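So the chains spell out like this:
Protein chains: 2
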Amino acid sequence: MEEEILKVLKESQNGYVSGEEFSKRLGVTRASIWKHMESLRNIGYDIEAQPHLGYRLVGVPDKLLAHEIMWNLETKIIAKKIYSYETIDSTNDRAYKLAEEGAEEGTVVVAERQSKGKGRMGRRWSSPKGGVYLSLILRPKLMPTEISKLTLVAAVSVAQTIRSATGLQPLIKWPNDILIGRNKLCGILTELKAEQDLTAFVILGIGINVNTRISLLPKNATSISKELGRDYSKIDLTKLLLKNIESHYILFKENKFKAVIDEWRNLSAILGRRVKITDKLRTIEGQAIDIDEGGALVVRLDNGFNERILAGDVILVR
Amino acid sequence: MEEEILKVLKESQNGYVSGEEFSKRLGVTRASIWKHMESLRNIGYDIEAQPHLGYRLVGVPDKLLAHEIMWNLETKIIAKKIYSYETIDSTNDRAYKLAEEGAEEGTVVVAERQSKGKGRMGRRWSSPKGGVYLSLILRPKLMPTEISKLTLVAAVSVAQTIRSATGLQPLIKWPNDILIGRNKLCGILTELKAEQDLTAFVILGIGINVNTRISLLPKNATSISKELGRDYSKIDLTKLLLKNIESHYILFKENKFKAVIDEWRNLSAILGRRVKITDKLRTIEGQAIDIDEGGALVVRLDNGFNERILAGDVILVR
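Heads up: the protein sequence lines correspond to chains A and B, in order.
Using the numbering used here, the first residue of the first sequence is number 52, and each one after it goes up by one.
Using the numbering used here, the first residue of the second sequence is number 52, and each one after it goes up by one.
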């Protein structure tokens with residue numbers, strides 16, 4: 052009912068809708084309408100009530116509410132269904148469970164906070180209030196060896212979203228961080244369930260420091276509000292992000308992944324730079340020269356040979 | 052209590068244990084011992100009772116009971132914990148869930164039957180009574196791109212187990228079938244949960260047609276009992292299989308995977324043969340010439356180039 056009330060308020064021409072009109076259109080009493088207005092106010096909606104005019108929506112809370120994200124979203128695959136939480140242990144874990152229970156491609160889990168936000172390799176991802184924590188279920192026809200392609204889809208989508216929304220100039224640090232300067236603005240955690248030659252589903256997890264207080268974040272982290280000098284609407288950012296992910300995911304699905312790679316090259320923090328890459332077995336050093344069509348980083352070693360790297364921790368060498 | 056009774060019976064010198072001795076050693080009444088004997092008989096244990104001698108274990112049912120598999124198993128990692136079911140939907144699904152709940156490496160799920168046995172690529176695996184349906188949780192330090200190595204570990208272990216137990220000469224059809232002649236004796240389904248550069252866990256699923264009636268199986272399937280002309284103990288086979296998996300898994304963990312590949316080469320149904328391989332994107336044809344250290348099949352195409360294949364359906368071309 053509250054969503055219907057919001058819809059009527061948002062679609063009103065002059066802004067005002069009388070209690071009488073509400074009760075006629077929604078088929079409930081004016082007293083019931085008044086109660087629903089109270090609960091909307093409790094969530095954070097600013098609803099004005101004028102004696103002769105009725106109710107008017109003055110302000111919407113910047114909360115990742117499902118119906119706010121879906122409002123005029125106009126996506127085809129992504130976010131047909133959104134699970135929204137005030138606090139959750141991990142949006143990735145929740146999305147993984149939903150996917151196992153059969154949730155369809157495009158299902159989104161968002162939260163205002165995570166109590167056990169996950170980073171790569173079993174690390175933690177600081178998830179205080181102010182950030183956007185979002186996980187997305189995808190069901191691509193994909194070999195598990197191609198998973199890094201979807202990390203690139205997410206990274207390009209996040210970097211472009213922040214650029215077009217805020218004018219900031221974040222870059223992608225392969226494979227899964229978005230930086231401003233040397234400071235982390237966003238992390239991506241891609242997880243999957245697969246057999247040897249078939250992916251059952253992929254969870255794209257994205258954590259963005261939007262209006263997060265820097266004092267609540269680890270060293271070397273930054274936030275959009277810090278860089279911008281003011282808060283930015285989490286809802287607007289999330290909507291734009293979902294649209295961008297959809298358009299890049301469609302490129303991927305239509306075998307136009309090369310277009311994603313081209314964008315990635317323009318957004319890369321490491322191409323042309325000297326890097327040191329550590330994985331569980333070894334550390335290599337060389338110049339990051341390209342990303343190939345499989346999503347692997349191509350590094351030119353000092354012996355002149357190129358090496359394809361599929362994963363690892365990257366350090367930029369001065 | 053029943054497991055303790057079985058232990059006493061199995062360890063008895065002359066076979067017989069009196070009711071009095073039981074009640075002394077286990078601290079319960081003789082009436083209670085008698086009741087437990089009845090429930091063991093109901094499971095299928097053949098227990099003789101002689102007036103002046105006591106109880107004697109004459110026969111053990113050929114059921115995949117946890118304590119029968121664990122009896123004198125002497126493994127270090129594998130099967131420290133076994134979940135045994137009369138019927139289950141899918142041992143892989145059950146093991147996957149247990150792994151998500153934190154079950155430790157080596158945990159085994161076995162069943163007499165599966166109601167929704169899974170094959171590769173969403174296919175079904177016929178799982179009537181008489182077969183061994185077994186799934187194993189592993190937690191290797193592994194990139195998801197290396198998953199096929201563990202399929203090879205399983206394939207080599209199964210083929211060797213059947214060879215040494217029964218004298219039959221099954222071969223491995225890359226990547227995941229064990230054949231006698233052209234008929235399928237065993238299938239392997241490897242599943243994993245992973246991030247881009249870290250595997251959380253792997254489920255090795257193995258289905259072997261042991262004493263299965265051929266009429267209950269699909270065309271082009273065979274069973275050990277069919278090939279051998281008599282039944283073979285599922286328990287003995289399972290114990291040997293678990294030991295073989297452990298020894299090959301240890302080779303893998305100690306970076307001696309090359310030894311597994313060498314064994315695989317000797318057991319391969321396809322090396323040197325002309326093959327047609329189909330994956331979701333294409334079909335290639337050529338000669339299967341080797342398996343490389345990453346577990347990929349190397350195929351020499353007709354144009355003289357070699358191609359590394361990580362997955363796909365293989366057809367032997369005459």
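These aren't lab readings, by the way, just hints derived from the structure by calculation.
Bear in mind that the values here come from a model prediction, so they are computed numbers and not experimental data.
Be aware that one or more of the hints could be misleading.
It does not matter which identical chain is used: a pair holds within one copy or between any two.
No more than 25 Å apart at the CA atoms, straight line, and that leaves these computed lysine to any residue pairs for SDA-like [unchecked claim]:
1. Lys304 / Thr329
2. Lys131 / Leu57
3. Lys244 / Glu152
4. Lys114 / Glu71
Here is how each hint holds up against the structure:
1. Lys304 / Thr329: Only across copies: Lys304 and Thr329 sit 20 Å apart there, 31 Å inside one copy, limit 25 Å.
2. Lys131 / Leu57: Within. Shortest intra-copy distance 19 Å satisfies the 25 Å Cα cut-off; inter-copy 57 Å does not.
3. Lys244 / Glu152: Result: close both inside a copy and across copies, 13 Å intra and 15 Å inter.
4. Lys114 / Glu71: neither (29 Å within a copy, 73 Å between copies)
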